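Guided by the hints, dock chain C onto chain Y, whose structure is given.
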Amino acid sequence: MKTLVIYLMAEPETPELARAAVEGGADLIELGFPFSDPLADGPVVRRAGERALARGMRTRQCLDVLARTRELVGDGVPVVPMTYSSLFEAYGWERLAEEIHARGGTSMIVADLPAGERADVRRVQMVAPTSTDDRIALAGRQTDGWLYLVTLTGTTGARDDVSPALGGLVERARRLVGVPLYAGFGISTPDHARAVAELADGVVVGSRAVQVAEEGPDALRTYVSSLRAAIDGS
Amino acid sequence: MRDFGGYGGRYVPETLIPALDELDRAWQEAKGDDAFRAELHALGTSYVGRPTPLTLVERFAPGKKIWLKREDLLHTGAHKINNAVGQAVLARRLGKRRIVAETGAGQHGVATATVCARFGFECVVYMGVEDMRRQKPNVERMRLLGAEVRGVDFGTQTLKEATSEAIRDWITNVETTHYLIGSCVGPAPYPELVAELQSVIGREAREQFLAAADALPEAVVACVGGGSNAIGLFHGFVDDVAVRLVGVEAAGAASLGTGRPGVLHGARSSILADEDGQVADAHSISAGLDYPGVGPEHAFLRDSGRAEYRVATDEEALAAFADLARTEGIIPALEPAHALARARDLDVDLILVGLSGRGDKDLAEALDRL
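These protein sequence lines are chains Y and C, in that order.
Per my numbering, the first sequence runs over residues 1 to 234.
Per my numbering, the second sequence runs over residues 1001 to 1370.
Just so you know, nobody snuck in bad clues.
Pulled from the structure, derived: some chain C residues nowhere near chain Y, Cβ distances all over 10 Å: (1) Ala1042; (2) Gly1049; (3) Gly1252.
Which chain Y residues face chain C? A few, computed with CB under 10 Å, are given here: (4) Glu89; (5) Ala111; (6) Gly116; (7) Val150.
These are calculated hints, taken from the structure and not from any lab test.
Computed from a predicted structure; not experimentally measured.
By construction, the Cβ of each residue, glycine as well, lies at the ideal position given by its N, Cα and C atoms.
Just chain Y, with the same shape it has in the complex:
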């Protein structure tokens, strides 16, 4: 069974949306804590973050959404906050990490904190097609549970095709790292998800899920089901 990861931006409606995603077949929820200057994100997630900030979604509100999401999706589904370093600087690195765990977060992802920086902060590490073998090995040693493969050189957002760089990255990571490999960035359709699932252990869908979530839980459940069916058929 391949793992299906759905990213959602933290807003007041997100716990219900996350539950719908899990009903549709999501195995893990990534929960975006918005930041004003998200360098790794393309237009869709950036705009979602701007909207969340305009609605008052600061760190405390995001932690409340995390706790409520944890209640609604049940214990079997990891919920992994994904954000940027500035929020940790402001809240305190250790304090925010502790708070995330206390509210039911399962690890976390810090998009602008590459392996080697602040090694004491335990988190899911990311590697990219540009990563050297040494860096993939380092990320593999430091990562928390699974490794996030960024499929392409670029920011988050839908693309026409699955990145041709993914195959080589998976092959290198398999050789260097012993943890499950979940691939994300640029994956938006069931066909993409199927193709990625043939290579990696999990598939992360972000920008397109954020867009569909704007249409409500039913639309999101249907969309996630279509991804699930494609992955399971692979």
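Quick look at chain C alone, frame taken from chain Y:
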């Protein structure tokens, strides 16, 4: 790579780390390479316009001895060209043929477009649409020089968003592209790289000041946005412990004066942010100081006590701008006008001020307000 007392670092997505490693290696090699230094020196004297003179301005500040380091006389009209030329030579060593940059006031964009024309590089400059409106002549200059200017129409629509978009472009095109950052900000090794390329200002100024005044200045004063002209000037005097180093920020963009530790554009530094770490808007009449971050080395110099940082208001800068024009026949950029405003009321008499650029670009904005 230097650690600035816990400031600095490489807070960027993993995709960029190999490029930063590659840049750092190339920079370390180039620094020790006589041919690289000789080429920079030759470009400095034959193209950029170095050395720049010192000018004593006794009518501007009667009773004091204030000398200006005249970076306004450089090709393209500001100190930004020192950094742009150096990074262009580095980009060629790296085999990169495409350059991306951000610009606020347009001076760094013009300097980048200039060196790209000179070296035959493709050039893309990101600029907030609000700044494009405020600095229209510089947009036209960049286009004339062959650069593509891409407007950034979200968020503050100023330098902060332009920088984010330039970094996103770099993430996407990192294998072909060099990011020619305009100040001593960003992920390591950029802060030390830019400081080193700008430190020619301080090296020249120290020698010239000793020759002119037969003493070292009591204080060295420079404006600070990202802080590259100040760091370049300060580097010439940082080991002269009796010389006060005074940075002057815009009152509405005082990242050092009123900021807090935070992470912006790849580095930990002192930034304008709310208590949750969300970056705040800066406000200054001078587009070049209108930035909520600052180079990590300045945060370090502040904390260590080696440098002191003050602010000047829009009105104080405008008054100094007009006074320097009328008393000395020099129209400064609004950015160094902030330094001039604080220098003339400083409680010492023998002062060196970094005049980082000329004011042609600011006429419309300043005449509107005067």
